[in-house]
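Produce the complete structure using the sequences and hints provided.
Given next are the chains, with one letter for each unit.
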Amino acid sequence: MSGSRPTPSTTIPASFAATRGWTRRNMLIASGLGLGGAALLGGCGGGDSSGSGASAEPGAVRFGVNEARGSGPAFQRNEAMANAYAAAQGVEVTLNAVDHNTFQESINTYLQGTPDDVFTWFAGYRMSQFAENGLISDVSDLWPVDGMGEAFQQASTAPDGNQYFMPAGYYPWAVFYRKSVFEENGWTAPESADDFDALLQDMDGKGITPFAFAAKDAWAPMGTFDILNMRLNGYDFHMQLTKGEQAWDSPEVRQVFERWAQLLPYHQQNALGRTWQEAATSMANGDCGMYLLGTFVVDGVADVADDLDFFTFPALDDTIGNDALDAPIDGFCVAAGSDNQAAAKAFLQFLGTAEAADAANSEADAPMIAANSNASTEAYGALQKKSAEVVQQASSIAQFLDRDTNADLANTVITAALQDFIRTPDRIDEITTSIQQQAQSILGTS
Amino acid sequence: MSTNTAPAPVEPETPPTNKHAGGTGVLNRKRGTIATVVMAVLAFVWLFPLLWAVYNSFRDYSYTQANGYLSFGGWTLGNYEEAWTRGQFSRTLLNSLYITVPAVLLTLFLSSLVAFVLARFSYRFNLTLLGVFLAANLLPPQALLIPVFRMFRDIPLPSFLSDTGTMLNSFTALVLVNTAFQMGFCAFVLSNYMKTIPHDIYESAELDGASVWRQYWQLTMPLVRPALAALATLQTTWIYNEFFWATVLISRGDKFPVTSALNNLRGQFFADTNLVAAGSVIVALPVIIVFFVLQKQFVSGLTLGSTKG
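Protein chains in written order, with our numbering: chain A, 1 to 446; chain X, 1001 to 1309.
Accuracy of the hints is not assured; some may be wrong.
Pairwise CB distance ranges, derived in the manner of DEER restraints [stated by the list, open to error]: (1) X/S1062 with A/S373: 34 to 44 Å; (2) X/Y1063 with A/D202: 32 to 42 Å; (3) X/T1076 with A/N285: 20 to 30 Å; (4) A/S373 with X/V1045: 56 to 66 Å; (5) X/T1036 with A/D429: 46 to 56 Å; (6) X/F1160 with A/E132: 36 to 46 Å.
Hints were generated in silico from the structure; no laboratory data involved.
We put the beta carbon where it would ideally sit given N, CA and C, even for glycine.
Here it is as structure tokens:
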């Protein structure tokens, strides 16, 4: 989903981050219609049977890539993996490159129509939903994968206990800052809640807005919600909440919003009209001290990339600590609609190897870390190395709110609710009650 | 476009009012000034975002990011070069051509046949038939999304028309869908226009031994040329701009029309708005060119239809 990786969109949900920002109105409307339609199709489950059972055997495959040709490193990495496989096995890999947002918006029609054999996708609930609908193939015979730990196997497992996914890489969400700005002011990364409060006060006192903040991309504030929920209520509560096993109007969730409301004065004002790129720029030019975002923040402030560093959000409750974080995993699935299951699985198996990761890493830089721990880290930059370290130290990893929960709930309800909260932070009761009511009707829980 | 066409209907009224009322009529000098100012303001409001996008499409992203969009400077043509290659416009513009041209021709041909029958003959079900075509025009395409998608998935096509072997991912599908959805409107406009042709002409033609086909092809079609030109302009714009069906029915990156390819200019996380502006200008150009080339027919076609009817 665009979820953690969406492009700037306004009120349109991350997953639906359609063509926003065109100057021509008709295209805007047309794109809005497009997503409504794609969502509709989600409801008419595919009649395809799952092609599990075939054993992996190399052959020509079609590879669906969610990056447009020539769009930069993300496409080059996928292409490099495909080329490496084609060269090693002597088979043809046909690339179908579609830009990131279009690919996501039309994923339902894609999988029910004429999908490629293997396609790029995301771990978490997003993957599970397709597994339950029989749109992607069971690949549990490829697991366990050499070089991938329990956490990755877990992230690739659907509720039925089988694996449907092959992780490729991931990136953490953390608090980014400019080393030079912190040095100049004698600031250090906060270790505790008290340090954190003192840092906020000091920044505020020096006329620097502590947190850059943007909510025009509706998914962006989810990062703040995730981290506060994990710090205040713990990882287990967070995951239960995303699965509908905890109520959104519970005292725990309200506590998250209350704490957030206390922190809002330390965030940039008028966040609803700002894209993450603009927020990142305010951090880069020193107007703001820090920015909580995924490592892709460097794409927005390439000029000062070398001066960037980050720390994980400090513990707010000592009994809970700070060892949980968002680190969305990207990877690959086999389409159930493909009539080429054996070759698809063989390619999927390759994509999970360290060899594939090395092929990608040597081709192009990206703020991603390879999922396979046997992959070479030589090509990593400082931020990537630190990311790998931080994620390895984390005890629990969430995928990001819009990947961990039902797409409809995340993209139509929670995005709007968070923007509502940012606009009027004193309406916590109404907002949480409203989310809970809609969550019940969407998830069918009580 | 409406800003461009809006003043046109006013023109024929202006000379008579001035003649009759000698400057004190509806559009005397004072009111005329007010009207001009109002229209200028409206035109500005309409044009401003477009001009702003054109302005920024010539500027470097890092410059505007550092100095804000209200600044002046950072001129470059790089956005256009990059947009052209990254958007793969040389291919996607061709894709759009393969979809738009057959769809427009087919729509005009089929709807003129319907319109001819409706206007030339008075069958009992003429009104019903027109009603059916118009009703289909009112039906939102989204409502037909699922049936059309499933139907197209099950219709096989020979491999030279579609490399996936079905209607999905083929230009044929887009041409047919666009034709179907545009026919209602065209049939309506053309039949109204054809009704203005005096019936006597057909009687003379009949006496001279012209078949129905000849009455259609050699008599009616030349006479409705202005209406056809106006519709061709509109249809080209609409079908070229069509985004919904292309996104739903095409899932091959190399088959997208140019409107969908604009999305290629945005990365996974990062969007260079100046680059997107440059791409949008490139994508908008063909439509603007078509409009200016056919502008004369477009306006005269519209007004002729409305006054004679």
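Is 34 to 44 Å respected by the C-beta to C-beta distance linking X/S1062 and A/S373?
holds, 37 Å
Are X/T1076 and A/N285 spaced within 20 to 30 Å by their CB atoms?
Roughly 21 Å apart at Cβ, these two residues keep to the hinted range, so it holds.
Range hint compliance [Cβ, X/Y1063 to A/D202, 32 to 42 Å]:
holds, 33 Å
Is the gap between the beta carbons of X/T1036 and A/D429 within 46 to 56 Å?
Holds, at about 55 Å.
Could you see if the CB distance from X/F1160 to A/E132 stays within 36 to 46 Å?
holds, 38 Å
Cβ-Cβ distance between A/S373 and X/V1045: within 56 to 66 Å?
Since the Cβ atoms of A/S373 and X/V1045 sit about 58 Å apart, the hinted range of 56 to 66 Å holds.
Checked against the numbered hints given earlier, the structure satisfies every one of them.
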